[in-house]
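Student: One-letter residues, chain by chain:
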Amino acid sequence: MTMDRKIVIIGGGIAGMETAACLRDLGWTPVIVEQSSALGGHVAEWNCLFPDLAPAGKLVDSLRAKVEGIEIHLDTVIAAINYLRKGYSLVLSDGTKLQSDAVVFATGFSLFRAEKKEEYGYGIYDHVISNKDLELWFNTGSDERVPDNPKAVGFVHCVGSRDIKAGNTQCSKVCCITAIKQAIEFKEKFPKAEVYCFYMDLRLFGRKYEDFYIHAQKDMGIHFIRGRVSEVSETIDGRVFVKAEDTLSGKPLRVSLDLLVLMAGIVCNRDNDRLAQAVSLPLDEDGFFRSRDNVSQLTLSDKPGVFFAGTCTGPKTIPETLAEARSAALAVNEYLKTLK
Amino acid sequence: MDFGFSLSPSSAVNLDNTDMSLYERLCEREPGAKTCMACGSCSATCTVSAINGMSVRKVILGLQRGQFRDVEKMLSRCMLCGKCTMVCPRGINTRHLILELCRLYGSKEGEL
Amino acid sequence: MIYQGKQKIWSDYQKDIPDDHWFYVRSCIRQSFFPGSEKFFMKIVRDDLGKDIYETEHHTTCGGIAYHCDTIPQETAMTIVARQFALMTEAGYENLVASCITSFGNYCETIETWREFPELEARVREHLWKACRREFKVPKYVAHASDLVYKFRNEIAARAKFRLVDHETGEPLRIVEHIGCHYSKMFPHKGVGGAEYPCVLSGMAEAWGGEVIDYPERRHCCGFGFRQYLVRANRGYSLSNTHKKFESMEPYHPDCIITNCPGCPFFLDRWQYVISEMEGKTYGQDGHGIPVLTYEELAALVLGYDPWDMGLQIHQVGLEPLLDKMGVPYDPSKKYLGLNEKEIMKPGLPTVLKCC
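Protein chains in written order, with our numbering: chain F, 1 to 340; chain X, 1 to 112; chain S, 1 to 356.
Chain F on its own, in the form it takes in the complex (with noise of 0.2 Å):
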């Protein structure tokens, strides 16, 4: 056996580096190969993390440090995969050529385009965002949608996810959990201001979550709206104005809004049809890479040699993301002992 053999990781975001940092450890050679021009994936563009409000630039540079000496490809995407007898020969767009002993897909996932669901008017009504603007504003503290002194503002879970006409059935998982956390965020900022969050169920699977949601409840004093907000316009002097069912009394239910915040879901890579194309493996009918199995055998691909790691095979969170990150870089590790 050999321990200079090479893996190349597809994707610089949080399951790359944990990946390709958990491989140099068991003495492997790990490679990324990342199409933007920096590590850290969607984190890096994110505020502070659920459910205690830690900083994201935190763990991104933690995991910058942990892939340190790793040779890194930036703005580089795959050009070619071609399987060969002994692993497979890549080259990339800057016409590199590598030589690899196996391929971890962490090429993650997409964040649904807000303008898409059109009747919430993503690009069309002054105050309205998405959740990925809002981290953005957190960061920076500009944005001119975002107004001064806010009175009122909405979140709207689900936005293109559980929706079939989207062209996506599955939960976001995160969104949640995001929105609970955002709102919180936005209240401890303007306390004065009312908070309402749209939803069709509240999914608070994680540790911590639910005492999230009870404490954006009780002590934040943020209202839940059970119902789906079915249409957006602008009100005369530039506001939002959302219409949605109460459906806990059954009843329409309308409200101005001075921003309204739009849960964008996570959706499959637009990138995976080329990629799966390029080593033949299936999709599933979402558009994520489907796993060899859905229990035990998350980070296996049908081909030999190709492993998963994070959102590429669905949504997942932070510590999930991080956990499965581990597990590919272990199923590496058994692979690799078995080549001659």
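These are calculated hints, taken from the structure and not from any lab test.
You can take every hint at face value.
Taking lysine to aspartate or glutamate pairs in the DMTMM-like style, the calculated list, with each CA pair at most 20 Å apart, reads: (1) F/K218 / X/E28; (2) F/K6 / F/D25; (3) F/K151 / X/D19.
Assemble the complex: chain F is given as a structure, and chains X and S must be docked to it using the hints.
Tutor: Leaving out everything else, chains X and S in the frame of chain F:
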């Protein structure tokens, strides 16, 4: 002029002009009210709900939507047996909630 | 409001509209509601734009009203539609243009249903053959007449005698546009601009100099809703919907409303009278209502046709405030003279709504 039909009243809840003051005063006295998640355990176990429509869930929601009259009607139907307090998963002291609300309604007499 | 955001959506919903050779099918009710609209549409398309557009006296209702009121089954409605297609085929046309939104929706729905269920199309062909020995081809293109006017909006603007501009101040007029529900809500891709932000009418209004108002209840139904109106006991629902729209658009002080459906202009126009009598409330300037026009009437006004020739005196809400703003000349003494100056009788005046 009588056209034989007229404008129909809207049943919509408009949160822009919903009076939440009574709800807020109740929450000061019984903060547990804020933690209701509308599971319906209270109404399901209620001795009189099936007979007269009393529902703690609807009382709380009615206050949040400014529907004082409906809430008042329901209050008079509660027997204060405490079964709802026993089943509430959020541990809301519903019996205390009802009693405090009755006091608030009593003190607001003539204002409502 | 971010205008570029709307433009982006509009670019996703551009519809293929052939520019000539059309088979025209009229509406059942528009000629009594707005008698000049269809006549002037034909006139504009034929005489001003020089296009080939054909109609035949043999066409009938599309069956839409009966279908939407649940009085005839879908197969019957489809057979009626098939007969219109047969008339088109016999006349040698492939492009169908409908005057009515309900018909347009009905034609689109029929064609889409046949696409999904070809066996149904085969059955309808059989029905049609048994009933009247006719055969048909499915139209290559189905358009609503407003699609055509939208397509030629700039040509019309180039020939405009009057613009949607206050001729004294030079300010653009504030236009409310209202789209019939069956124009694009059933099939967003069959409407210019889609279903949420249709631009078929707003495009015309802007091309002719106006400024389009986007108010909170813009997407709301006009209030017709077939059964809501046709059953008298339900008529209050119809009225309430219209009332809701007017309350929502009132703060924007619209100068006029344009529509592309047979029902909408009727209800938006006539209900202003009913609201004024019931509630004592009017929505236009100084006790007037807000003038409501069909897009053909508006096009004809822009092109300089005489308002009384196109039957604007049949509207409940007086058009005079709009004509004054646009600078369109009109002779008040001839308002109730019909063709060849024949008296068409003066209506009684409402007690609250100012009509001239």
